[in-house]
Amino acid sequence: MAKYLLKRVFYLLLTLFIVITVTFFLMKLLPGTPLQNQQKLSPAQQHLILKQYGLTKPIWQQYLIYVGGVFQGNFGTSFQFSDQPVSYLISSRIGPSLLLGLQAMILGVVPGILVGALGAIKKNTWVDTTTTIISILGISIPSFVLAVLLQYFLGLKLHLFPIADWGGFAYTVLPTLALAASPFADTARFTRTEMVDVLNSDYIELARAKGLSKWGVIYHHALRNSLIPVVTIIGPLAVNIMTGSMVIENIFSIPGIGEQFVKSILTNDYPTIMAVTIVYSVMLMVVLLITDIVYGIIDPRIRISGRSN
Amino acid sequence: MQSKETILDVNHLKINFNTYAGTVKAIRDVSFSLKKGETLAIVGESGSGKTVTTRSIMGLLANNAVVAGGSIQFHGQDVLKMSQKQLEGLRGAKIAQIFQDPMTSLDPTMRIGRQIAEPLIIHKGVKKEKAMAQALEMMKLVGITDAENRINDYPHQFSGGMRQRIVIAIALINYPEILIADEPTTALDVTIQAQILDLMRELQDKISTSIIFITHDLGVVAGMADRVAVMYAGKIVEYGTVDEIFYNPKHPYTWGLLSSMPTLDTHGDELASIPGTPPDLLDPPKGDAFAPRNPYALKIDTEQEPPFFKVSDTHYAATWLLHPDAPKVTPPEQIIERQKKFAVMQKEAEAKEQHRIEEEEEQQ
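So the protein lines, in turn, are chains U and Z. Going by my numbering, the first sequence opens with residue 1, and the numbers climb by one from there. Going by my numbering, the second sequence opens with residue 1001, and the numbers climb by one from there.
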């Protein structure tokens, strides 16, 4: 297991290096400079500032300097907020993003599994139809539309939750709901399909022939086997939530890294774009690593430290 | 054999399935009985209703199945009238089942020891450690080598033959009175088939269970069964002891089945087959369902269903050919040879019996 983890961490770093390289050059292809909104500055002044930040050097030199910095833990300073280190910018903003993401993940996946399983167990009844309609709605309504609807009805009309801004738990409710809708729908749909398959399988037939009750069969044999494939979609769901958060954080004015990311792209704030990309990549890869480990725990067929090794 | 107690009695069972296309009459008046300790083979091609019959005994019919008539008496109680709870108490305790494909009939994520012990825990409330100890005994009984070390393995770590042994262990852990084996060797290699059949025979002696053996493979039946029932299109068309069915068959469908089975003394280049396909049970034909495929069909076969005609005390066949007024027909060559063999066998048996009596007399 330790050997496996070590290998995975090595691959993680390798992937990260590739991500950094690709993002760096893609970013340089973006039109404009960090000073594009500063028309009052004369070209000479602009050149001076760019030179100060090392942006007049050839791109390959800039790349080497950047990568060298990253290896020493130096992510540079933000262009946008004068002389704020990017590492500080991110660490002060990652809290709300992580909290929202985790809440949305739990609120999406757990009820998604339950609703999906219920739909499969009550297949072709009104329960199944209702849960299917809910999940189709969840998939087809974009999170930003849902966000606005939630703000209007639950915030503006019913005064149940604050419409925007960041304070206590109440402020997290609407953005979490908006973010969780799509993972919920995906999980429910996927779980239903898997569970229907599993309930038709031979080993469920055998479990019934053993004399287990209907719910005994589901609890002891069907649920775990249906969840194995569901675990595989957690990675894509995490991506879904991360990209969703960029929009949602903007709509709800949440001081998270998603909002920061959008701002930094609009202003060509190179060091911040790079840093947020790295943070997102690391988060995704950690989620994938955890998924793989969990997968091995619930499915003995692909357990990592097999006897054969 | 005759003197033994009847434990299962299926009477005029009729089962329909409601489908979008209409009502499928899957079981059309099936009756048979099972005695303690005997093996009854139900033979027939796919779709003849073998599996539906056994599912109704287990109370495991699909949701769209309707019992249109008949009863299944088990110790004087009608299984068809039992509540879900009563059925759960029956399944895996009194009546157990072995399935066709051992590769898919075990839960891939549960350790096999636990899977074998499960029926004990459900039905007898046995504590987990004790149940596991019994599971281990059962694993040894069904011939799983190195059982102590393998009890915590998962199904994917076993071969097909070993998995079928595990399925048998699950079925037998509660020493059921009836074991339903639904094509238990169809998915296995021929050599493994023989091993599993040997094991089933051996275990039947040890735990004295009755077996209902479902198969489409007559070759398997010969060595396994005491009695054979031949099913066609949701009906039993002929039943008798294994020798009667194999060597003195009366129904043209049984003739067809036996002729299409290669034997060591099969002559000619071509293997016989039964032409045509089974009838559509959405709209079963009038008269004998086998008539359209039957080269020996009489006119009456298309008009009236044949009743059972008695051949011997244990042997009945539903074909108009046995009616006293029916014209004499010559069965296929292979069947005539079988009948000749049957006559020789009977003589041999008589001679053997005579010999045995003489020996006994001499010893005295």
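Incorrect hints may appear among the rest.
[What the hints assert, rightly or not] Listed next, the in silico SDA-like pairs over lysine to any residue satisfying Cα-Cα at most 20 Å (straight line):
#1 Z/LYS1124 / U/VAL217
#2 U/LYS123 / Z/ALA1065
#3 U/LYS214 / Z/LEU1061
#4 U/LYS122 / Z/LEU1060
#5 Z/LYS1085 / U/ILE218
#6 Z/LYS1035 / Z/PHE1342
#7 U/LYS123 / Z/PHE1017
#8 Z/LYS1094 / U/SER213
#9 U/LYS122 / Z/ASN1064
#10 Z/LYS1081 / Z/LEU1061
#11 U/LYS214 / Z/LYS1081
#12 Z/LYS1085 / Z/GLY1059
#13 U/LYS214 / Z/ALA1062
#14 Z/LYS1094 / Z/VAL1052
#15 U/LYS214 / Z/TYR1247
#16 Z/LYS1036 / Z/HIS1075
#17 Z/LYS1025 / Z/ARG1055
#18 U/LYS122 / Z/ALA1065
#19 Z/LYS1124 / U/MET1
#20 U/LYS123 / Z/HIS1123
#21 U/LYS263 / U/LYS7
#22 Z/LYS1130 / Z/ASP1153
#23 U/LYS123 / Z/LEU1061
#24 Z/LYS1014 / Z/LYS1036
#25 U/LYS214 / Z/ARG1055
#26 U/LYS7 / U/VAL286
#27 U/LYS214 / Z/LYS1094
#28 Z/LYS1025 / Z/ALA1062
#29 Z/LYS1035 / Z/ASP1205
#30 Z/LYS1140 / Z/ASP1205
#31 Z/LYS1128 / Z/ASN1152
#32 Z/LYS1127 / U/SER213
#33 U/LYS122 / Z/ALA1062
#34 Z/LYS1128 / U/SER213
#35 U/LYS214 / Z/HIS1075
#36 U/LYS214 / Z/ASP1205
Please keep in mind that the hints were generated in silico from the structure rather than gathered at the bench.
Structure-based check of all given hints:
{"no.": "1", "hint": "Z/LYS1124 / U/VAL217", "result": "17 Å, holds"}
{"no.": "2", "hint": "U/LYS123 / Z/ALA1065", "result": "17 Å, holds"}
{"no.": "3", "hint": "U/LYS214 / Z/LEU1061", "result": "14 Å, holds"}
{"no.": "4", "hint": "U/LYS122 / Z/LEU1060", "result": "18 Å, holds"}
{"no.": "5", "hint": "Z/LYS1085 / U/ILE218", "result": "16 Å, holds"}
{"no.": "6", "hint": "Z/LYS1035 / Z/PHE1342", "result": "25 Å, violated"}
{"no.": "7", "hint": "U/LYS123 / Z/PHE1017", "result": "18 Å, holds"}
{"no.": "8", "hint": "Z/LYS1094 / U/SER213", "result": "16 Å, holds"}
{"no.": "9", "hint": "U/LYS122 / Z/ASN1064", "result": "15 Å, holds"}
{"no.": "10", "hint": "Z/LYS1081 / Z/LEU1061", "result": "13 Å, holds"}
{"no.": "11", "hint": "U/LYS214 / Z/LYS1081", "result": "19 Å, holds"}
{"no.": "12", "hint": "Z/LYS1085 / Z/GLY1059", "result": "11 Å, holds"}
{"no.": "13", "hint": "U/LYS214 / Z/ALA1062", "result": "14 Å, holds"}
{"no.": "14", "hint": "Z/LYS1094 / Z/VAL1052", "result": "19 Å, holds"}
{"no.": "15", "hint": "U/LYS214 / Z/TYR1247", "result": "46 Å, violated"}
{"no.": "16", "hint": "Z/LYS1036 / Z/HIS1075", "result": "11 Å, holds"}
{"no.": "17", "hint": "Z/LYS1025 / Z/ARG1055", "result": "15 Å, holds"}
{"no.": "18", "hint": "U/LYS122 / Z/ALA1065", "result": "18 Å, holds"}
{"no.": "19", "hint": "Z/LYS1124 / U/MET1", "result": "40 Å, violated"}
{"no.": "20", "hint": "U/LYS123 / Z/HIS1123", "result": "29 Å, violated"}
{"no.": "21", "hint": "U/LYS263 / U/LYS7", "result": "36 Å, violated"}
{"no.": "22", "hint": "Z/LYS1130 / Z/ASP1153", "result": "18 Å, holds"}
{"no.": "23", "hint": "U/LYS123 / Z/LEU1061", "result": "17 Å, holds"}
{"no.": "24", "hint": "Z/LYS1014 / Z/LYS1036", "result": "24 Å, violated"}
{"no.": "25", "hint": "U/LYS214 / Z/ARG1055", "result": "16 Å, holds"}
{"no.": "26", "hint": "U/LYS7 / U/VAL286", "result": "13 Å, holds"}
{"no.": "27", "hint": "U/LYS214 / Z/LYS1094", "result": "19 Å, holds"}
{"no.": "28", "hint": "Z/LYS1025 / Z/ALA1062", "result": "14 Å, holds"}
{"no.": "29", "hint": "Z/LYS1035 / Z/ASP1205", "result": "14 Å, holds"}
{"no.": "30", "hint": "Z/LYS1140 / Z/ASP1205", "result": "16 Å, holds"}
{"no.": "31", "hint": "Z/LYS1128 / Z/ASN1152", "result": "14 Å, holds"}
{"no.": "32", "hint": "Z/LYS1127 / U/SER213", "result": "19 Å, holds"}
{"no.": "33", "hint": "U/LYS122 / Z/ALA1062", "result": "14 Å, holds"}
{"no.": "34", "hint": "Z/LYS1128 / U/SER213", "result": "19 Å, holds"}
{"no.": "35", "hint": "U/LYS214 / Z/HIS1075", "result": "25 Å, violated"}
{"no.": "36", "hint": "U/LYS214 / Z/ASP1205", "result": "33 Å, violated"}
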